[in-house]
Amino acid sequence: MIVTPKIFARLAAIVVVGVLLQLSFFSRVSLFDTSPDILPALVVSLGLLGGAMTGAVAGFAIGLLTASLLAGTLGGASLVLLAVGYLAGLFRERFEIHSALVPPLLCMALTLVAEVGFAAVELTLGVDAPISALVVRDTLLKCIYAFFLGWPIYLAVRRALRPALVEEPQVTRRRRQPTVMGV
Amino acid sequence: MYRKQVRRRRAVLTLLVFSSFLLLTITYGQSSGGLQDGLSTVFSPLQAVADRALKPARDLVGWFDQTFEARGENSRLRDELEQARAQAVAGQAALQENAQLRELVGLDRGPVLAASAYEPVTGRVIGRSPTVWHSAVAIDVGRSDGTQVDDPVIAGEGLVGQVASVQPSSSRVTLITDHASAVSAKVLPGGAQGVVRPEIGNPEDLVLDFIDSARKIGVGQAVVTAGWRAGDIASLFPAGLPIGEVTRASIVEQQASQQVHLRPYADLANLDLVQVLTGGRAR
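Going down the list, the protein sequences come from chains A and B.
All residue numbers for the first sequence refer to this note's numbering, where the first residue is 1 and numbers rise by one.
All residue numbers for the second sequence refer to this note's numbering, where the first residue is 1001 and numbers rise by one.
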């Protein structure tokens, strides 16, 4: 991805809109007692489209902004989301995305990584309260929501960053002409 | 060229990881101060606009969720209604007796009404933390409305939490379901005292710890803030604020205390309007 000042502004806008949407909408709706977390999916989409560095920097920024506005200790969310963005970017640099299922599946898998990472950071810092087994259910449901929300998020981010993306030529298979016997 | 790119990439990555650890170390256990103030001042108007704009969409999702839940809740609510009827009758008698006793001892302010020494400021929730590890909400009232750090926050039904940080036009409220929260409380009737702590991941369940195992605690009993005072030191919460209702009590083996589980009165998962009890320091 070629990051011009205009594309940088778009990336910043995506980060801000994503965080606002998460805090004002997704965190405040609950389906089956669990709120979707779109931030890992957003970071994955940015990593898949922009590469490892874009993913890591976007993850760091999203984590920092979210923690500053609400979610507690600074640095924890940044560390986890920067790792998620970097991993998504590495995937993009090493493998081709052949199937439309790859972004949602990667969103789901890396949301799991993010949730485990958030838990690990908090447990390392020290948690005094007892932990309910429902945390596991919450994590799994968040991963399922990430699968379903991953594709629209990926499409929206791709649309927003289209001018900066290096388009890969579409490989179209030519239909073979029918051969006439004896010609 | 390629090596230079790799080196630059490593440098940026190292810088980001180092910054994350540095931020963790510096801000652990305290507010991030200037950075948080600045970002909240810039973003709270945007959050307020986003909150208003997205309310219809939130309501729509909420409607679907509630429709699923309503089926299971119907029978439970019928049982609760029957219990509530019985309690209401008993409550009427207790109220009458209470009024007579107040007149007798010359008290014009009961423990619950102690909260009226505070100035309630109503605020709207404009944001909520995305993770179960931190239970916090952002509200649209701040320093300019008289809000201060540690002010208690209530909703219509009961205690919600306390103000953790204040910006000019917004505040961050740590909910009683946050792992850092601990509220001294007592069970009514009986007055057994303990500390209410959350169970991470389950906003419908709070744990009242350090209750003497000899005290008999029954399902359905109310738990309110204890509101203690010892010399110049006082609880952050006024006495008598309702917290929740006992759902089960179990004696922990080989321990002199029992663990009491309660369901919070306030619907902490769907907070929309809250009240900050300001002016507590001036009392």
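Be aware that one or more of the hints could be misleading.
[What the hints assert, rightly or not] Computed from the model, here is a short list of chain A residues facing chain B with C-beta under 10 Å:
# : residue
1 : Ile7
2 : Phe8
3 : Ala9
4 : Asp33
5 : Ala77
6 : Ser78
7 : Leu125
[Stated by the list, open to error] Cross-link-like lysine to aspartate or glutamate pairs, in silico, DMTMM-like; alpha carbons within 25 Å at most:
#  : chain 1 : residue 1 : chain 2 : residue 2
8  : B       : Lys1055   : A       : Asp33
9  : B       : Lys1055   : B       : Asp1267
10 : B       : Lys1004   : A       : Asp33
11 : B       : Lys1055   : B       : Asp1140
12 : B       : Lys1055   : B       : Asp1212
13 : B       : Lys1055   : B       : Glu1199
Note that these hints are calculated values from the structure, not bench results.
Glycine included, every Cβ here is placed at the ideal spot set by N, Cα and C.
Verification of the supplied hints:
no.	hint	result
1	Ile7	violated, 17 Å
2	Phe8	violated, 15 Å
3	Ala9	violated, 16 Å
4	Asp33	holds, 7 Å
5	Ala77	holds, 8 Å
6	Ser78	holds, 5 Å
7	Leu125	holds, 6 Å
8	B:Lys1055 / A:Asp33	holds, 18 Å
9	B:Lys1055 / B:Asp1267	holds, 17 Å
10	B:Lys1004 / A:Asp33	violated, 49 Å
11	B:Lys1055 / B:Asp1140	holds, 15 Å
12	B:Lys1055 / B:Asp1212	violated, 45 Å
13	B:Lys1055 / B:Glu1199	violated, 29 Å
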